[in-house]
Amino acid sequence: MSDSEYILEAREISKLFPGVKALDKVSLKVKPGTVHALMGENGAGKSTLMKCIYGIYKPDEGELYINGEKASVTNPKSAMDQGISMIHQELHPIRSQTVSENIFLGRIPHKKALGIRWVDYTRLYSEAKEVFEKLGIELNPKQKVQELSTAYCQLLEIARAVSFGAKIIIMDEPTSSLTETETEILFRIIRQLKKEKVAIIYISHKIDEILQISDEVTVMRDGKMIGSWLSSEMDTDMIVGKMVGRAMTNRYPAGDHVTGEVYLKVENLTSSNPRSFQQVSFEVKKGEIFGIGGLVGSQRSELVEALFGLRAISEGKISISGKEIRIRNSMDAVRSGMALLTEDRRGTGIIGALSITDNTLVVNQNLHPEKYTRLHLVDYKKRNKAAHEYVEKLKIKTPSLKTAIQTLSGGNQQKVLLGRWLLTEPDILILDEPTRGIDVGAKYEIYELMEKMAQEGKCVIMISSEMPELMGMSDRIMVMCEGHKSGELDRKEVTDEKIMFLASTYKVG
Amino acid sequence: MQAHIKWGRIMKTKSISKILVDYILYICLVMMIVIIAVISPSFVSVRVLSDVLIQSAPKVLLAMGMLVVIISGGMDMTVGRLAGLGAVVAGSLAQTSDYYIKFWPHLQEMPLIVPILLSALVGALSGVVTGLVISKLHVPAFLAGLGIQMIIYGGNLLLLETAPNNSQPLAGFQDSFTKFGTGSVMGINYLVIVAVIIMCAVYVLLNRTTLGKNIYATGGNREAAKVAGINIFRIDMFVYILSGMLAAFAGCMMAARTGSATAAYAEGYEMDAIASCIIGGASFAGGIGNVPGTFLGVIIFSVINYGLTFIGLSSYWQYIVKGLIIVVAVALDMRKYASQQ
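Line order of the protein sequences matches chains Z and X. Offset between the first sequence (1-based) and the numbering used here: plus 32. Offset between the second sequence (1-based) and the numbering used here: plus 1269.
If you are wondering where the hints come from, they were derived from the structure by calculation, not from laboratory data. As the structure is a prediction and not an experimental result, all values here were calculated from the model. Hints should not be assumed to be uniformly reliable.
To be verified - Listed next, the in silico DSBU-like pairs over lysine-lysine satisfying Cα-Cα at most 35 Å (straight line):
| id | chain 1 | residue 1 | chain 2 | residue 2 |
| --- | --- | --- | --- | --- |
| 1 | Z | K90 | X | K1287 |
| 2 | X | K1495 | Z | K297 |
| 3 | Z | K355 | X | K1287 |
| 4 | X | K1495 | Z | K427 |
| 5 | X | K1405 | Z | K403 |
| 6 | Z | K90 | Z | K256 |
| 7 | Z | K176 | X | K1495 |
| 8 | Z | K429 | X | K1405 |
| 9 | X | K1405 | Z | K176 |
| 10 | Z | K427 | X | K1287 |
| 11 | Z | K317 | Z | K256 |
| 12 | Z | K425 | Z | K524 |
| 13 | X | K1495 | Z | K318 |
| 14 | Z | K530 | Z | K238 |
| 15 | X | K1287 | Z | K417 |
| 16 | X | K1495 | Z | K238 |
| 17 | X | K1287 | Z | K413 |
| 18 | X | K1495 | Z | K355 |
| 19 | Z | K484 | X | K1495 |
| 20 | Z | K434 | X | K1495 |
| 21 | Z | K297 | Z | K484 |
| 22 | X | K1405 | Z | K109 |
| 23 | Z | K256 | X | K1287 |
| 24 | X | K1287 | Z | K403 |
| 25 | X | K1287 | Z | K53 |
| 26 | X | K1287 | Z | K429 |
| 27 | Z | K427 | Z | K484 |
Using the sequences and the hints, build the whole thing.
This is the structure we're talking about:
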């Protein structure tokens, strides 16, 4: 039966987790030599389905067919033996070893002598080189992984999969941390893989990319399969519509705010680190959404972190409503009405083991301790009430308030963090890549929230690497390049080209 | 959300194996007591029970301090040696004026509060140093503690060596001090009362104060806590000072109970304290841990300690049994998390 049209077929897979039905009779058919995009909001079940296919989870129901034959995948090792490989969102290479050693991890070529297996370095390097040549990756097999960029680590994982003879490669958000040039390299390799008749299951939130690289699109929602279509017959609005279950013509809330007087004024802010931001000045008006654009490495995040008292500055003045303020630590910033949703949700946002309630209150319990205590002792009723209010307001999906935040999906984690800051009733809301890795529905909710804040006369500052989002949301955009402010654009005059130009060029003076 | 809640209810009808995993500590304790009692029925008596509790009292203090530190994401390796120092400091200040080798020959008799407060003060000072070394010099907690506990031990030995004491164990304590260690009210030993009060205080600190919430948050994710406006430095200093104070005070309690003090007191107790926290459900990663579990951990170790000698086994067996319990308890705990996947 190896003449099946499909290299991989998942039939009616179901998976239950305590409290949630993560997959409900989901079927997926993948043809060899194609890129099959899998889309859906966070929590739709894409990653769960992939983990079932890759043998990390055991499905409660359903069957898996490889080349038309029933297959049993019990763990990642057996998946790999049957030609399935997965490239994870977060990579864990052994950084101190060479790229070749990483590719052949666990099966390094060896020679036997005196009863000992000696590493055969000549073969190791030549075999690695072979794989690289096959894929058209320019890499020295002897290079240490720690010298590579994230993009190359990703390519390394692909090379590893290919060296296993993988026929099906699952890529989970492969471009989430890649620059545009790096994404191009990845796409070139994907096209190369297609020629080798390798099937690729491609999970991504970036619709432009999906339309560009994929042959077929399958959309999931709430653990169910919505359908599969040829990518050539789809456009952005159609895909978004399928994902959220409703037609969505306007992806950004209406802009154009009535802005008031200047509220936040930053003058000549300069980092103590000479390689970071230098002499940055800007103003944000009341009721304005102020965008900050730039490429990776433009020091945008460092700038707002310094504004928030998390990084040292050597020079500069910050004033609110014309009054100069000093910010020595994040509590000072919080007291002056600032809130910062950081870029790295896991690293500096969520407190994984703690509950939704504890995560929601972690800032405000120190800003307004009296609100959550009685006779100076913590009052759990008051705490839960405050957290519950934001779970409702932000439509956070969680089994209970006691649930550890790490078990929620990315979008819901982000909403809890937003709730954490909204609870402090900030005047200046700083959002650093607020929608990264978040599904379309949650994205729109975050946009609406920003809009609401602006309409209430608050300042909203947003850093974003997504050009449409930056242009669609901001009243004004400051563009940074290598630590310097390279220009400022008004909503009316802004175009992709102008932003890209400013982001990649900075001239002194 | 409605559907999710329903699921939660269904899950509450636990299987036997889940109950076994969840209550393994209680089961362990009961099983041990039953086994010991079968071999030697007189083990189940008020006197033995109170002996076990009295023995546990100083260890409860060490474990409670350690628990707060572990929840904050750290570890305090100094507490064993610090208790030894606390014993010597308190003992030296509690001697009667007519004792023939008085440690401070020119000092008059001190009221009970002096040895208690001074030992706690010494512990607090040590905590300041430990906190600063970890927080400001960025020395990993384990290594900082390893170094500082050696310094404490050396200092303690040198202190005891000074004339006229010449490294003799301290003895000749005043009645008030001895009574603090051995006396009781309504049949309950003072030390047990102190341990219960401290335990309740730590429980309230962790569960009912904003500071406690901040300690959990700091241990759960330091960087996120920093962004959230929590003063990490202050948390670090607080937990190590608290742990130091409790440790040195525990040493004072041991001196009062045994009527003697040497630098070797409480040697290695930091390990027991850590083990009690961990088998009680705390996590080295920080952000997780609770008072009742830790208390149970201490009691289990004391029952092993006392019970094995009681049934006439070599006391060396206690190490093997303790070791097994640590490994099994943590392994079961890991299974609890693994089964969530």
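Hint by hint, here is what the structure shows:
Among the hinted pairs, Z/K90 with X/K1287 is consistent with the structure: their alpha-carbon atoms are about 20 Å apart, no more than 35 Å. Restraint check for X/K1495 and Z/K297: satisfied, since their Cα atoms lie roughly 24 Å apart, inside the 35 Å limit. Between Z/K355 and X/K1287 the alpha-carbon distance is near 60 Å, which puts this suggested pair outside the 35 Å criterion. A distance of roughly 27 Å separates the Cα atoms of X/K1495 and Z/K427; the hinted pair therefore holds under the 35 Å criterion.
For a cut-off of 35 Å, the pair hint linking X/K1405 to Z/K403 stands: about 33 Å separates their Cα positions. A C-alpha spacing of about 18 Å is found between Z/K90 and Z/K256, which places the hinted pair at or below 35 Å, so the restraint holds. Among the hinted pairs, Z/K176 with X/K1495 is consistent with the structure: their alpha-carbon atoms are about 33 Å apart, no more than 35 Å. Of the supplied pair hints, the one linking Z/K429 and X/K1405 is violated, its CA atoms being roughly 40 Å apart against a limit of 35 Å.
For the suggested pair X/K1405 and Z/K176, the alpha carbons sit about 33 Å apart, so the restraint of at most 35 Å is met. With a CA separation close to 32 Å, the supplied pair Z/K427 and X/K1287 stays within the 35 Å bound. Restraint check for Z/K317 and Z/K256: the C-alpha separation of about 45 Å exceeds 35 Å, so the hint is violated. Of the pairs offered as hints, the one joining Z/K425 and Z/K524 holds, with about 33 Å between alpha carbons and a cut-off of 35 Å not exceeded.
Among the hinted pairs, X/K1495 with Z/K318 is consistent with the structure: their alpha-carbon atoms are about 27 Å apart, no more than 35 Å. For the hint linking Z/K530 to Z/K238, the alpha-carbon distance of about 22 Å falls within 35 Å, and the restraint holds. About 31 Å separates the Cα atoms of X/K1287 and Z/K417, which keeps this hinted pair within 35 Å; it holds. A distance of roughly 32 Å separates the Cα atoms of X/K1495 and Z/K238; the hinted pair therefore holds under the 35 Å criterion.
Of the pairs offered as hints, the one joining X/K1287 and Z/K413 holds, with about 30 Å between alpha carbons and a cut-off of 35 Å not exceeded. Taking the CA atoms of X/K1495 and Z/K355, the gap is about 26 Å. The hint holds against a cut of 35 Å. The hinted pair formed by Z/K484 and X/K1495 meets the criterion: a straight-line CA distance of about 28 Å does not exceed 35 Å. Between the alpha carbons of Z/K434 and X/K1495 the distance comes to roughly 23 Å, so the proposed pair stays at or under 35 Å and holds.
Distance check on the hinted pair: Z/K297 and Z/K484 sit about 22 Å apart at the alpha-carbon level, within 35 Å; holds. Between the alpha carbons of X/K1405 and Z/K109 the distance comes to roughly 45 Å, so the proposed pair goes past 35 Å and is violated. With a CA separation close to 31 Å, the supplied pair Z/K256 and X/K1287 stays within the 35 Å bound. A C-alpha spacing of about 38 Å is found between X/K1287 and Z/K403, which places the hinted pair above 35 Å, so the restraint is violated.
Proximity of X/K1287 to Z/K53 is assessed by CA-CA distance (about 21 Å); at most 35 Å being required, the pair is judged to hold. Under the criterion of a C-alpha separation no larger than 35 Å, the hint pairing X/K1287 with Z/K429 is consistent with the structure, at around 27 Å. For a cut-off of 35 Å, the pair hint linking Z/K427 to Z/K484 stands: about 16 Å separates their Cα positions.
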